[in-house]
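J.: Residue numbers (this note's numbering), protein chains in the order written: chain U, 1432 to 1676; chain W, 1432 to 1676.
Incorrect hints may have been included.
No copy labels: a pair is met if it fits in one copy or bridges any two.
Stated by the list, open to error - With a straight-line cut-off of 25 Å between C-alpha atoms, the simulated SDA-like cross-links for lysine to any residue are:
hint : residue 1 : residue 2
1    : Lys1639   : Glu1622
2    : Lys1639   : Thr1604
3    : Lys1643   : Val1437
4    : Lys1626   : Gln1599
5    : Lys1438   : Asn1574
6    : Lys1643   : Thr1440
7    : Lys1583   : Phe1450
8    : Lys1583   : Glu1608
9    : Lys1583   : Pro1451
10   : Lys1583   : Glu1549
11   : Lys1639   : Val1437
12   : Lys1583   : Lys1643
13   : Lys1573   : Leu1665
14   : Lys1583   : Val1532
15   : Lys1438   : Asn1455
16   : Lys1639   : Gln1603
17   : Lys1510   : Asn1668
In short, the hints are calculated from the structure, not lab data.
Next come the chains, spelled out residue by residue.
There are 2 protein chains.
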Amino acid sequence: MQSKDVKNTVEVCFSPHSFPLYANEDSIVVVIDVLRATSSICSALHYGVERILPVASVLEARNYQAKGFICAAERHAQKVEGFDLGNSPSEYHNPKLKGKVIVFTTTNGTQAIRVAREAYRIVIGSFVNLTVLCNWLSHQHKNIILLCSGWKDLFNIEDTLCAGAIAQKLEQTNLFEAHHDSTFAAKSLYELAHKDLIQFMENSSHFKRLEKFNLAEDVKYCLTPDLAPVVPILEGNYLIASKNK
Amino acid sequence: MQSKDVKNTVEVCFSPHSFPLYANEDSIVVVIDVLRATSSICSALHYGVERILPVASVLEARNYQAKGFICAAERHAQKVEGFDLGNSPSEYHNPKLKGKVIVFTTTNGTQAIRVAREAYRIVIGSFVNLTVLCNWLSHQHKNIILLCSGWKDLFNIEDTLCAGAIAQKLEQTNLFEAHHDSTFAAKSLYELAHKDLIQFMENSSHFKRLEKFNLAEDVKYCLTPDLAPVVPILEGNYLIASKNK
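All chains should be built: construct the whole structure from the sequences, respecting the hints.
T.: So, in structure tokens, the structure goes:
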């Protein structure tokens, strides 16, 4: 337990590529991939999926599929042919998935989980679990790294905005402080964008990429706070819903 | 010469660590280290220094010093003991330096120049040469990478704001377009901060670091546009003032 005077840190890392510069084995890492992996993971666990096995490659997912697992695979914003599920949160609001185990691979989100595997603990963050996640984090008495999944190792705006929202909420508890300019920038961008996230996002590259695939409904869901109030935590190889909110 | 319909790109890279993700041998790289290396380089060439030899290590600078060169070395925001000059732009406004060659090494700025050495061309950017630099860039008909030096490979806010200012000015010419979210973020942050850069910067980590050393005057100089209207370009191993503005 920390003393009352010593705050924990909360810092934003803009992409898996930069993670070694922030990594610390004693920190909790929050993996963020707003559009759409971490929003889908929250949605799945909130609606009753029992466990999710994140895997980094499509090949690994195919091997699990051959063994009879329900498998989700997305690459380049589209469902990979031959898989049961893609990366749309709406697919996971399905009574048939209740109590099931799902194997899951996406372009960026599952890579970020792999990069952070040495962390003290890995949890999943998105706008859809914002409040419950921040409450949970504020009870852990640990330093926090907010790891944006980015787009193919590059900075992306939606993960940064979500990280900014989390950092702002955590600092407001007075239990956390931020030192890095990346955290300052993420909070500033969130401050600038929060009144209308979708409008702000319309100028971003990933937004345009998703627009091509008619994913406006997904985007709206993924940018709405607290629609899937669950804290997915990595236990062994599986993501499960934390019992403590 | 490009056709009228095809715009060149301008993109912001947040730190030398991320440069391999943006690198392109056919691009012009603008190295930015607002506090204070690239501001000092502009200041030196503007006030009559003939050439600057950027070197990556203090040891290299010491070797040149032993051979009789005037040498500048900064580490951790302070002049390295035993050197002629540090990293304050005010030191370079000195008639005795007119026509001289200076060897120069700093914590972040000269490392960024080294990282970009395979580029089509390297030039130096800062607020103090903002307008003349953008005019020069808009006549080159090349893609531009704005390479922020950061702080020890991490994102920093002042270089990002400067990159945002350059990107915004270049896009306003209608000759350039930006695709990456990093460029969108840098422009958004500049838009948020530009009315009072110093006030905005007061919350940043590097600002606090410099404040400890009583460098308020330097910071004010470095954040003021167009005080040293010169375009430093790398020719061979030396930075010289471009003859074409």
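J.: Now look at each hint and say whether the structure bears it out.
T.: Hint check:
1. For the identical chains of this complex, Lys1639 and Glu1622 are neighbours both inside a copy (22 Å) and across copies (22 Å), given an alpha-carbon limit of 25 Å.
2. In this assembly of identical chains, the alpha carbons of Lys1639 and Thr1604 lie at most 25 Å apart only when taken from different copies (23 Å versus 35 Å within one copy).
3. Taking CA atoms no more than 25 Å apart as the test, Lys1643 paired with Val1437 passes between copies only; the shortest distance there is 22 Å, against 48 Å inside one copy.
4. Taking CA atoms no more than 25 Å apart as the test, Lys1626 paired with Gln1599 passes in both settings, with 15 Å inside one copy and 23 Å between copies.
5. Only within a single protomer do Lys1438 and Asn1574 lie at most 25 Å apart by alpha-carbon distance; the minimum there is 9 Å, versus 44 Å between protomers.
6. With identical chains, the CA atoms of Lys1643 and Thr1440 are at most 25 Å apart between copies only, with a shortest distance of 22 Å across copies and 39 Å within one.
7. In this homomeric assembly, Lys1583 and Phe1450 come within 25 Å of each other (Cα to Cα) both inside a single copy, at 14 Å, and across copies, at 14 Å.
8. Taking identical chains as interchangeable, the C-alpha atoms of Lys1583 and Glu1608 lie at most 25 Å apart only when they sit on different chains, with a minimum of 21 Å there against 29 Å within one chain.
9. For the identical chains of this complex, Lys1583 and Pro1451 are neighbours both inside a copy (16 Å) and across copies (13 Å), given an alpha-carbon limit of 25 Å.
10. Proximity of Lys1583 and Glu1549 under a CA criterion of 25 Å is satisfied in both settings, with 21 Å inside one chain copy and 23 Å between copies.
11. Taking CA atoms no more than 25 Å apart as the test, Lys1639 paired with Val1437 passes between copies only; the shortest distance there is 20 Å, against 43 Å inside one copy.
12. In this homomeric assembly, Lys1583 and Lys1643 come within 25 Å of each other (Cα to Cα) only inside a single copy, at 18 Å, whereas the closest approach across copies is 38 Å.
13. Proximity of Lys1573 to Leu1665 under the C-alpha cut-off of 25 Å is restricted to the intra-copy arrangement: shortest distance 16 Å within a copy versus 46 Å between copies.
14. Taking the closest pair of Cα atoms, Lys1583 and Val1532 never come within 25 Å of each other, the shortest separation being 27 Å inside a single copy and 43 Å across copies.
15. For the homomeric pair Lys1438 and Asn1455, the shortest alpha-carbon distance inside one copy (17 Å) is at most 25 Å, but the shortest distance between copies (42 Å) is not.
16. When the C-alpha separation of Lys1639 and Gln1603 is checked against a cutoff of 25 Å, the pair qualifies only between copies, where the shortest distance is 21 Å, while the shortest distance within a copy is 33 Å.
17. For the identical chains of this complex, Lys1510 and Asn1668 are intra-copy neighbours only, at 23 Å inside a copy versus 50 Å across copies, given an alpha-carbon limit of 25 Å.
The structure is inconsistent with hint 14 alone, although it conforms to all the rest.
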